[in-house]
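Colleague: The chain contents come next:
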Amino acid sequence: MRMENNMPRDEVMEKVTVIFREVFDDDELIITDATNSDDIEDWDSFEHISLIVAMEKEFGMKFDIKEVNTLENVGQMVDLICRGLEG
Amino acid sequence: MNTYHYDEIAIGHTESFEALVKAEDMESFKAITGDINPLHNDETFAGDRGYEGRVVYGMLTASYLSTLAGVYLPGERSLIRSVSTKFYKAVFIGDRLTIEGKVSDKNDTFKLLTVKINIKNQKGEKVLKGEMEIQVLEVEENE
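Chains as they are written, first to last, in this note's numbering: chain A, 64 to 150; chain B, 373 to 515.
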């Protein structure tokens, strides 16, 4: 299932924010492109899987495990989603 | 023990097994956990609260989920990632439980199974319902 192909980046960011808030159970969590695992205490390898699984479901795409493992911050995550939506 | 690979398991795949709850299982569980609550250890205490006998530890019933994943679904390559359960009905010593897991979702990126769980007693009554996330550990091939 593939969703909106031309979703603007800020809309992707909004959806990613919702996912982060659900996964980390924090309704007030603010994320930016620069946010990384050092900024969110519970963002470890376990919750990284939760994030990616939730994003695959939300955006109807499958990521490459190697790409997923090299993501360094939220911005790279959003860029990966945007590339997937375009492709 | 089953030795399923991730690709051999489809959504809808179901595995089940039976387990008889014995008095010595209660003793072992108490020894391991230190849970000396009288509801599980005192017939009179349990009877005064409307139960027909000592109530089996809910977490003992839930412990069969370890067997479900580690021996049956997927078996050898199992790594349990999460478990959520609800306890619907009391279990008693001598009950014969049927533990069943059915794959409801798969995530190919992480080789992750979502498994819906049902445990019923010998009367067919639902005693536990839940969901597990189980990763299938595969040895990566050299590139």
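Keep in mind the hints are simulated off the structure, nothing from the lab.
Heads up, some of the hints might be wrong.
In silico BS3-like links for lysine-lysine, alpha-carbon gap of 25 Å or less [to be verified]:
| # | chain 1 | residue 1 | chain 2 | residue 2 |
| --- | --- | --- | --- | --- |
| 1 | A | Lys120 | B | Lys394 |
| 2 | A | Lys129 | B | Lys394 |
| 3 | B | Lys488 | A | Lys125 |
| 4 | B | Lys483 | A | Lys129 |
| 5 | B | Lys402 | A | Lys120 |
| 6 | A | Lys120 | B | Lys488 |
| 7 | B | Lys474 | B | Lys501 |
| 8 | B | Lys501 | A | Lys125 |
| 9 | A | Lys120 | B | Lys495 |
Examples of chain B residues lying across from chain A (beta carbon under 7 Å, computed) [claimed, not checked]:
| # | residue |
| --- | --- |
| 10 | Ser476 |
| 11 | Asp480 |
| 12 | Phe482 |
| 13 | Thr486 |
Note that beta-carbon positions come from the ideal geometry of N, C-alpha and C, so glycine has one too.
Colleague: Holds or violated: B/Thr486 as interface residue toward chain A, Cβ cutoff 7 Å?
Modeller: violated, 9 Å
Colleague: Just to be careful, I want the Cα atoms of B/Lys488 and A/Lys125 compared with a cutoff of 25 Å; is the pair within it?
Modeller: It holds: about 23 Å lies between the C-alpha atoms, which stays within 25 Å.
Colleague: B/Lys483 and A/Lys129 were given as a pair; does the straight-line alpha-carbon distance stay at or below 25 Å?
Modeller: Since the Cα atoms of B/Lys483 and A/Lys129 sit roughly 14 Å apart, the hinted pair holds (cutoff 25 Å).
Colleague: Keeping to a limit of 25 Å between CA atoms, is the pair of B/Lys501 and A/Lys125 held or broken?
Modeller: With Cα atoms ~30 Å apart, B/Lys501 and A/Lys125 exceed 25 Å; violated.
Colleague: Could you check if B/Asp480 really has its C-beta closer than 7 Å to a C-beta on chain A?
Modeller: Given a least distance of 6 Å, the restraint on B/Asp480 holds.
Colleague: Under the criterion that the straight-line Cα-Cα distance not exceed 25 Å, is the pair B/Lys402, A/Lys120 satisfied?
Modeller: violated, 41 Å
Colleague: Does A/Lys120 pair with B/Lys495 here, judged by a C-alpha cut-off of 25 Å?
Modeller: violated, 38 Å
Colleague: Let's test the interface hint: is any C-beta of chain A closer than 7 Å to that of B/Ser476?
Modeller: violated, 13 Å
Colleague: Just to be careful, I want the Cα atoms of A/Lys120 and B/Lys394 compared with a cutoff of 25 Å; is the pair within it?
Modeller: violated, 43 Å
Colleague: Taking 25 Å as the top limit, are the C-alpha atoms of B/Lys474 and B/Lys501 close enough?
Modeller: Distance of about 12 Å is within 25 Å: holds.
Colleague: Report holds or violated for the interface hint on B/Phe482, using the least CB-CB distance to chain A and a cut-off of 7 Å.
Modeller: holds, 5 Å
Colleague: Are the Cα positions of A/Lys120 and B/Lys488 separated by 25 Å at most?
Modeller: It holds: about 18 Å lies between the C-alpha atoms, which stays within 25 Å.
Checked against the numbered hints given earlier, the structure breaks hints 1, 2, 5, 8, 9, 10 and 13 and satisfies all the rest.
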